[in-house]
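Enquirer: Chains X, R, D and L supply the protein sequences, listed in that same order. Using the numbering used here, read the first sequence as starting at 314 and increasing by one per residue. Using the numbering used here, read the second sequence as starting at 77 and increasing by one per residue. Using the numbering used here, read the third sequence as starting at 707 and increasing by one per residue. Using the numbering used here, read the fourth sequence as starting at 4 and increasing by one per residue.
Simulated from the structure, these hints should not be mistaken for lab results. Hints are supplied without guarantee of correctness; some may be wrong.
Derived pair list, reagent style BS3-like, types lysine-lysine, alpha-carbon separation capped at 27 Å [unchecked claim]:
1) D/K850 with D/K898
2) X/K377 with R/K315
3) X/K413 with D/K816
4) L/K168 with R/K434
5) D/K861 with D/K755
6) D/K855 with D/K898
7) R/K169 with R/K220
8) D/K861 with D/K851
9) D/K861 with X/K342
10) D/K755 with R/K158
11) D/K827 with D/K851
12) D/K816 with D/K855
13) R/K161 with D/K898
14) R/K220 with D/K816
15) D/K855 with L/K55
16) D/K850 with R/K220
17) D/K898 with R/K483
18) D/K823 with R/K187
19) R/K315 with X/K342
20) R/K184 with D/K861
21) R/K169 with R/K184
22) R/K161 with L/K55
23) R/K211 with R/K161
24) L/K55 with D/K850
25) R/K102 with R/K195
26) D/K898 with D/K750
27) X/K413 with L/K55
28) D/K827 with R/K187
29) R/K187 with X/K342
30) X/K342 with D/K823
31) L/K239 with R/K371
32) D/K851 with X/K342
33) D/K851 with R/K220
34) L/K133 with R/K169
35) X/K413 with D/K855
36) D/K850 with R/K187
37) D/K755 with R/K195
38) L/K133 with R/K158
In this text the structure is predicted, and so the values were computed from the model without any measurement.
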Amino acid sequence: MLFLKRYLPLVICGFTGVVFGIQYYVPHKASEDLLTFINDWMIIIFGFSMILALASLFHVHYQKIRRRQSGWGFSLIVFIAIIVTVIIGIISQGETVDEKGLTSFGWIYTNMLVPLSGTMFSILAFFIASAAFRAFRARTLDAFLLLFAAIIIMFGRVPAGEYLWSKIWGAEFPLQMGDITEWIMGVLNMAARRGILLGVALGAIATSLKIIFGIERAYLGEKE
Amino acid sequence: MRSIFHLLIFLLIEGQAFSQELTPPKELKAFDAPYDSGNVLYLTWKGMPYDSEKVDYIVYISESEEGPFFEIGRFKSNTHFKADKNWPAWAWKRTTEYHYFEISSFIKEGKEIPLENGKTYFLKLLVTDGIKQVKSNVVSAFPKGNLFNLLKLNNLIYMIIFSVIILWFIARAKKRELFLRKIPALEAIEEAIGRSTEMGRPIYFLTGRLGMSSVSTIASTIILGEVAKKVATYGTEIKVPHTDPIVMSVCQEITKQAYISAGRPDAYREDSNFFITEDQFSYTAAVDGLMVREKPAACFYMGYYYAESLLLSEVGASIGAIQIAGTDAEHQLPFFVTTCDYTLIGEELYAASAYLSKNPVLMGTLRGQDVGKGFLMGAVFIGTGLATLGTITGAMQIVSFVLDWFKGF
Amino acid sequence: MRKIANILLNLDRRIIFLLIAAAVLVPLLRPFNLPGISISQPVKGVYDKIESLAPGDVLFISMDFDPTAKPELYPMGISILRHAFSKDLRVICMTLWAPGVGMAEEVMSKVAREYHKEYGKDYAFLGWMPGQLTVIIGLGQDLKKTFPKDFYGNKTDRLQIFENINSLRDIDYMVDLAAGDPGIETWYLYGKEKYGFELGGGCTAVIAPGLYPFLQTGQINGLIGGMRGAAEYETLLNRKDKATVGMDVLSTTHFLIIGLVILSNIFYLITRKGKTVR
Amino acid sequence: MDLSILLGAWVAAGLTLFIFSFLYKDNFFFKLGEHLYIGVSVGYSITLLIFKFMRPKWFTPLFGEHQWILLIPTLLGILILTRFIPRLSWPSRLTFAFIFGFGAGLTIPRSISGYILQQIQGTVIPMITKEGTQISYTFRDFSNLLVFIGVLTVLIYFFFSVEHKGAINILSRIGILFLMISFGASFGYTAMARMSLLFGRCYDLTLFSSKRYYYATPILLCLIILCFLIHHVLSKKHSV
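Just need the whole structure built from these sequences, with the hints factored in.
Expert: Below, the structure is given as structure tokens:
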């Protein structure tokens, strides 16, 4: 029993890890087929795991409704919205567009989901401004560089900024705003990003190695 | 007189062809393209003295030795050298002494037919200067899938080096303790939890938006374990809204374990980890709504984030919560850095899990990663030095033997 | 003075929100048509590559975005397709994002109509297929097996456009318009690295900085970043459209933010000065 | 105009305003929008999962084409569901192990190739320019040198097992400065992206303000503001 509970998962994990690690170096068609095949399995497994997620979601909102917690009416709306969307989705066979144009499911998608997510996304525009106002204060050299780089890029990436710059220095001036922003992005920004990327890549490799060798077991919800 | 003039012009234009007699190409070889999944053949032959602008090579293919042969390529004889192929020195001789031509399909009766694995094809070459033509002998080969991609040899060697370094340091770390530098963000965790307890408000912990197989999520779950332990000891409430079902169920297990090891299994609540939705912005809207209503005193954003980073942290800032973020999503770091009180940058997120848990395995890994970084820095140093030296001395050919090991193919 | 500065430093966020809303709405209702914009090298990379293709060459486009990224990527898709169709390239389009199918189809058929292109001969839309990397690898191995049917249900091996195209190896250029993951990096790791086609990208301005390392190493040969990139492409094509209009809005909002940051720093200096004196 | 388009415009405009109302404060409309959003998005994912993933990748191949091998992932999927019974939840670990092994195996060689090798390749370049036999030092070479310094110092910043003092401290400080410039630049760059999104949203809103859509936006906006006012007045009375 202990074998099944503790060691079998490690064996499975190590085996699949090694197989798919090696798979990369084998150009044979069989190896590519294996990768795509197992990738499709992942879709199936994910499908089943969604049942777990839905159970949790239903549980949370059901509890709210049952206990008549404040805002339980909104939980009811969640349920109704899910059920209505799924029913319409089934009627439309999951297609958003067909020969006749938008399906009912497509209507829900275009007129509800898109504006909702688009608006939530665009709220960022307001937040970015308030964050800049609050956080960009030249308290230290670090903070100064941060805000200075941000201002230069914000100034240089819009036509008005470029226009002003070329008005001040003349269109013949060898250092145009576009060149400056490109240089900051392509040299200073790129160097830092590359440093982060290299570190992150090493971390990813290290963690993956530990998983394959069964050293890292946090994912099993298990301590050492 | 006129005829002499004509002859002169003719000599001028066709001078090359006169000076070099066309002969059949030498060392013609057809072979399966190495290091691929099949369906491709290569043809190589020695560069000839008559190679020039004016002489063309034409390649023919057939499914049988007798023909019919189909033309598959025509090019100037001073092009298509083995040197054109940007393959590493250990796998391919980059030279202008040999020509090469790649065949993956041919046109038969107006239709393009890809080469089939295991089927033998016959190839021949024709040299022409526009007047005369010389044929080569017919060679044959069949494409097949290969078992090892030699181009990835350096990749494999790097993998072995990193594996050895990391496993070795893990083994060593179990024996003796290692030094770790301070990470200010982590010192703040205790403070944040303490403050929540004082204020009697919950703590929000987000694990990012990636699945369980991403490194950042794994690091995040380890940190959650440590945070949950402290939360359990202090007797505060922790809430973990989820966007991935598998991460949720792993986190439930981890939180439960944390409460047990803190000696407070009674305080554990199954619904502290709960699922909201998989969709990015409805998840964000819901968490924002929850934060505004429940006013947590501390928010932790650990793991991988996309555009929601600022949407979450700016709302967190507006309700006055202490915010500690950690992400390896380098595109979201600017927002966490500007809006949160403390931010773990990139790899620091992985380091945090080691630092908090004081787990020798994690500490050893960190040490191994540092050595790995040292290795990469060394590679950059040596590589840049060699590349510069090679440019100065003009010995790029020799230097590239070494530089190829630092390149991806 | 210090009092005022302090008040202004702790300005209610909602006032900033109002200012931003105004900065967006004013140019939207009354465009000022700012003068032309300069062209950056990465955008030119994509443009030049398409420009260098000959009529009949195959351009493969993957529109990996959903309607939330529409303001940035939709104009890009339109411009690239216009460019491709005006050069008589054959265009094959698909998406890896299920919610993006409707929009990708819209972009494709809209521009094709504009240039009177014939479906199946000049262009094709493959639609969407589950599996992300499975799809990319599948396309690299055998296009028609991965997509036996196109979006409209036509058999791909019957369509003229696919006659000489068996896999990604046979395309002349691929452009990925991506709003996230799966996106340009996915196409690189699972597609280009193996099947060796030329890859260019277009993406939201957020991911663009992160792709600069890939740009510098030539892993991608060009990059159109955000609405600004789209406006540059419109300028290159000499066809001003939505992205160019958006440039006005970007100018006003950026200047507003810059102004706010400078003001907040002045206030900050004033309050700090006071403290040191004391 | 088609009724469904008109209704769509009103719904879209209304929901957009509901979410925007959050900028003022948390309120009834936002809560309504938020919960509708969760419900619709979950419903949408379920439908997509059924018709776009499970049907073509699982149901049809398994039950239609009898690819019995797919019973393995089916079993793995069912094992996850054992988590419903806390006592018997261990079999779910088998599935997790499989997922993790797969992910870890994929990650290693691809990280080396896409991140490490390619990034090193980009950094390992000559620090001078040579044209013909003429060696010169151009601005480009200076930029390359900066990249070289930036990459190395940022890496030094990420050294965890070495104490940051002396030369290491100075180098890691330089690394931090590079990081800060990079963050600032990305922030500025992203500001553009976010403004573009807002532009897109407002573009739609102004579109719905036209007569063609029977002034959907302004009418709904006025209604929402009216509600806020009434609520404000009522709650004031209440507190008195």
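Enquirer: Checking each numbered hint in turn, tell me which of them this model violates, lowest number first.
Expert: 5, 14, 19, 21, 22, 30, 37
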